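Undergrad: Build out the structure end to end from the sequences listed, making use of the hints.
Letter by letter, the chains look like this.
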Amino acid sequence: MVATFLSYWSARPARRVDGWSASAVLVCLLILGPILALCLTAFGDSNGLWGHLVSTVLPRYVANTLMLMAGVGALAVLFGVSTAWVVTRYDFAGKALFEWMLLLPAAIPAYIIAYTYTDFLEYAGPVQSMLRDIFGWDRPADYWFPEIRSLGGAMLVMASVLYPYIYMVTRIAFRLTPSSLFEIALVHRKSQFWSVGLPLARPAITAGLALVLMEVVSDFGTVEYFAVETITLGIFNVWLGMNNIVAAAQISLFGFVFILSLLGLELYARSRQRFAGTGRSQTGVAPLRPGFRGQLACQAVCILPLLLGFLVPVGVLLKFVLGGSIEGQASQLMGTVGSSVGMAFMAALFIVLLSSLIVIAATYRGGAVVRNLAVAASTGYAIPGTMLSIGVLMFAGVVDRFWGGVVGDPRASLLLGGAGVLMTAYLVRFQAVGYGAMMSGIRRLPDNMMNASRVLGHGFGDSLRRVLLPLLRGSMLAGGLLVFVDVMKELPITLLLRPFDFETLATYTYQFAKDEMLEEAALPALMIVVAGLIPVILMNRMLRRAG
Amino acid sequence: MFWIFKRVWFRIVCVAGLVSVMGAGQAAAAAEINIYSHRQQFLLQPFLDAFTAETGIKTRVVYASQGLAQRLQAEGEASPADVILTVDIARLSEYAELDLLAPVESPVLSTNIPANLRAGDNRWFALSLRARLVATSKDRVAENAISDIEDLADPKWQGTVCSRKGSHVYNRSLLASIIAANGPQAAEAWAEGLVANFARKPQGNDRAQAKAIFEGQCDIAIMNHYYYGNMLFGDKEEQRDWANAIRLVFTNQGGRGNHVNISGGGLAKHSPNREEAIRFLEFLTSPTAQQLYGEVNYEYPVNPAVSPGGVLSSWGEFKQDDLSIERLAELAPQAQMIIDRTGW
Chain A
1 MVATFLSYWS ARPARRVDGW SASAVLVCLL ILGPILALCL TAFGDSNGLW
51 GHLVSTVLPR YVANTLMLMA GVGALAVLFG VSTAWVVTRY DFAGKALFEW
101 MLLLPAAIPA YIIAYTYTDF LEYAGPVQSM LRDIFGWDRP ADYWFPEIRS
151 LGGAMLVMAS VLYPYIYMVT RIAFRLTPSS LFEIALVHRK SQFWSVGLPL
201 ARPAITAGLA LVLMEVVSDF GTVEYFAVET ITLGIFNVWL GMNNIVAAAQ
251 ISLFGFVFIL SLLGLELYAR SRQRFAGTGR SQTGVAPLRP GFRGQLACQA
301 VCILPLLLGF LVPVGVLLKF VLGGSIEGQA SQLMGTVGSS VGMAFMAALF
351 IVLLSSLIVI AATYRGGAVV RNLAVAASTG YAIPGTMLSI GVLMFAGVVD
401 RFWGGVVGDP RASLLLGGAG VLMTAYLVRF QAVGYGAMMS GIRRLPDNMM
451 NASRVLGHGF GDSLRRVLLP LLRGSMLAGG LLVFVDVMKE LPITLLLRPF
501 DFETLATYTY QFAKDEMLEE AALPALMIVV AGLIPVILMN RMLRRAG
Chain B
1 MFWIFKRVWF RIVCVAGLVS VMGAGQAAAA AEINIYSHRQ QFLLQPFLDA
51 FTAETGIKTR VVYASQGLAQ RLQAEGEASP ADVILTVDIA RLSEYAELDL
101 LAPVESPVLS TNIPANLRAG DNRWFALSLR ARLVATSKDR VAENAISDIE
151 DLADPKWQGT VCSRKGSHVY NRSLLASIIA ANGPQAAEAW AEGLVANFAR
201 KPQGNDRAQA KAIFEGQCDI AIMNHYYYGN MLFGDKEEQR DWANAIRLVF
251 TNQGGRGNHV NISGGGLAKH SPNREEAIRF LEFLTSPTAQ QLYGEVNYEY
301 PVNPAVSPGG VLSSWGEFKQ DDLSIERLAE LAPQAQMIID RTGW
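These protein sequence lines are chains A and B, in that order. Just so we're aligned: 471 in our numbering is position 471 of the first sequence, and the numbers increase by one with no gaps anywhere. Just so we're aligned: 255 in our numbering is position 255 of the second sequence, and the numbers increase by one with no gaps anywhere.
Source of the hints: derived by calculation from the structure; they are not laboratory data. The structure displayed is predicted, hence computed values, not measured ones. Misleading hints may appear alongside valid ones.
Within a straight-line C-alpha distance of at most 30 Å, the following computed DSSO-like cross-link-like pairs (lysine-lysine) qualify [as the list claims (entries may be wrong)]: (1) B:Lys236 - B:Lys269; (2) B:Lys138 - B:Lys319; (3) B:Lys269 - B:Lys165; (4) B:Lys201 - B:Lys138; (5) A:Lys514 - B:Lys138; (6) B:Lys156 - A:Lys514; (7) A:Lys514 - B:Lys201; (8) B:Lys156 - B:Lys319; (9) B:Lys165 - A:Lys514; (10) B:Lys201 - B:Lys165; (11) B:Lys156 - B:Lys138; (12) B:Lys319 - A:Lys319; (13) B:Lys319 - B:Lys165; (14) B:Lys236 - B:Lys201; (15) A:Lys319 - A:Lys514; (16) A:Lys190 - A:Lys319; (17) A:Lys319 - B:Lys156; (18) A:Lys95 - A:Lys319; (19) A:Lys319 - B:Lys236; (20) B:Lys165 - B:Lys138; (21) B:Lys138 - B:Lys58; (22) A:Lys319 - B:Lys201; (23) B:Lys58 - B:Lys269.
TA: Below you can see the structure in the form of structure tokens.
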């Protein structure tokens, strides 16, 4: 009862506008500006194109998108939750290794894995060649082999690089589940997984799944390469094929609203479920030690996603790198590595600071307005990168023209023409990642912690510095590392909004990969993976401490 | 979190990052031009190097495949861009339609580029030509079995034809040329017939179609001519086999000629370095650069005074469809609708 009262008290809106809320609202508006610009575009006249689209391609696009979301979502949850459960609840040979290796696929961009799998599984690839050698087949007509460039193929490869989003958060949730609850399940002979682990981890799983689904909806590279006609591919056909940016903006908002309603449903469903532990020593239940067969099963559960999401694609890339001549490329790439890492680092820092501001203001200061704005501002993740960039460009154009008027020079620019526009776009897109990490961190803190500090006479800023920030350090680091890896991999926004002569590993890879020149693309692609490894390892160290 | 701010390395990285990010956007120094390019950097670089060597003018590039027109539009008067380069007419005319290009009255360009290969108001110029033609299997298709692009819809080729997706700009332009030649109904009937003949779902790029012929998945494919040169003379052995498995067919030689598309460019409306930019466009039509198109990527020159040279000449002359390039762009939306309806 007391806790309920206190939680109400802490969430009560501040009476007057304070600096925290005001700056959080400002940042949210900066993020929402480009999305709004896209909406305004969508209100233009699309010249009756919808009739044509609805009667021809749109039903197919929507059906494909839904199936892709369902398939990737189901597979990613299966991979993410099963591995998270196995590494937290069981003790088996190789567990320490799997724990962090399972995060590795996060470092591989989905479009790269599409290229590598096509190379691996196509007619001339090693798998089919080997089968032909074994069975003596000569022609494609002699046997049936699943086509990797298909809806099913896209589900498999996307799930195998996206499941770490779920694995990571679910693993923390499993670790933080009080051991007493597992013991209760044991006493009542109920399944520890189905009765305790899964229900309590559900908010974490959903948070991860939301990111996965948003990635699926906004993906362009993989679906284009696999010729799976999703809504995103439709946007590009309408925009580039029919010179109709209005209809393209309308289709992208259609997908966007769709994702929002999904998220809204889930938010509603769990609005009354919250769980905060106040004790310190309840968690950390001793893992079970299965027998030999059980250990084999645990290992198999971990090896499968790792194989699909990391070992095979990296193997294919390595084959190209070792087989080709890389001396010419290596020197060019050094500068590119620097700009990639520098950009990703700055973006991570920038986004984590602003997300923290938003999350803290939304939780402890502002009222419903700030909280709703904060949620709205984390939806940019669901918009395909190129369309988002166009929204950012329009928004930046308006800002710059205003600025040009203020300083009296039409050539003056605040955002465009430099890295400002790129940073803005990263913020719009990846705010969801920072926000998610910070929010899940702050949710786990008992409400009365800040209240206690305030009651003891510390001001808000003081309490923040002494109590909240030290406790949120892990979440900030986690958010920062996730954003870092995401920006390293990011392609469409960087490609379109970058300054002159600015090359990241992703854009460098793309100019070759676009033309299916895998040999040339392999080394920079591999470097994206290597650069992603460091944050992944750091993240793992942090996750261990979280438990 | 704050422990991290106290670390020296963290502060150094922050400052270095800030400097590099800010520095990336600095304005151009004198004698420099800024290029927005839809043409891949590695294909463009030889031209930039030759231009800088000849004139001393430096170049800076942003390469992207989509959206640069919207970027230019948003930047408006403040745009630093001087020159736009694209690899097809549809994209180029998008810039013209959005009024992002400035007309260029240059005697050099008018002499070097035939009238049907530049805009009537000189807002854009073709810089090289690409023929979209038919590749057939040397083993499985007789030498003169296919002569026109229309033949690909003949039911006798059922289950043998391969293509990249219809909505790719190269196929869209090809279909636009067929609409121009035969009318929209005939073009749609052709597209239906073509789709009915496919050996597999449209996928991959043009090189992947040659590979599919080599592997026996299909016998006939649609491709741009320069892929053949790149495969045959590139440094990848396996691709030489793919090229050797196919025969190129320049289509409609007894009629309107083979469909050609262009790579091209124009001057940005608010170009801050106008003079240098025009010089760059002129350079691209000069004999040196025109021959470079053949050497770098096996593309045909637009300058009638320049012979294609080397490999390209050895493939022989062919009759080009002399349909105005502008017409292709006008018909592109109609072509996309047919592509949507037929599911190419």
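Undergrad: Next, verify each hint and record whether it holds.
TA: Now for the hints, and whether the structure bears them out:
1. B:Lys236 - B:Lys269: At roughly 42 Å apart (the allowed maximum being 30 Å), Lys269 (chain B) and Lys236 (chain B) break the hint.
2. B:Lys138 - B:Lys319: OK: Lys138 (chain B) and Lys319 (chain B) at ~22 Å, within 30 Å.
3. B:Lys269 - B:Lys165: violated (33 Å)
4. B:Lys201 - B:Lys138: Between Lys201 (chain B) and Lys138 (chain B) the Cα gap is close to 23 Å, so the pair holds against 30 Å.
5. A:Lys514 - B:Lys138: Holds - the C-alpha atoms of Lys138 (chain B) and Lys514 (chain A) are around 28 Å apart, at most 30 Å.
6. B:Lys156 - A:Lys514: violated (34 Å)
7. A:Lys514 - B:Lys201: holds (19 Å)
8. B:Lys156 - B:Lys319: Between Lys156 (chain B) and Lys319 (chain B) the Cα gap is close to 27 Å, so the pair holds against 30 Å.
9. B:Lys165 - A:Lys514: holds (14 Å)
10. B:Lys201 - B:Lys165: holds (8 Å)
11. B:Lys156 - B:Lys138: Between Lys156 (chain B) and Lys138 (chain B) the Cα gap is close to 18 Å, so the pair holds against 30 Å.
12. B:Lys319 - A:Lys319: violated (44 Å)
13. B:Lys319 - B:Lys165: holds (26 Å)
14. B:Lys236 - B:Lys201: holds (26 Å)
15. A:Lys319 - A:Lys514: Measuring from Cα to Cα gives roughly 19 Å; hence the hint holds.
16. A:Lys190 - A:Lys319: Violated, at about 49 Å.
17. A:Lys319 - B:Lys156: Measuring from Cα to Cα gives roughly 41 Å; hence the hint is violated.
18. A:Lys95 - A:Lys319: OK: Lys95 (chain A) and Lys319 (chain A) at ~28 Å, within 30 Å.
19. A:Lys319 - B:Lys236: holds (15 Å)
20. B:Lys165 - B:Lys138: holds (24 Å)
21. B:Lys138 - B:Lys58: Violated, at about 47 Å.
22. A:Lys319 - B:Lys201: holds (28 Å)
23. B:Lys58 - B:Lys269: holds (20 Å)
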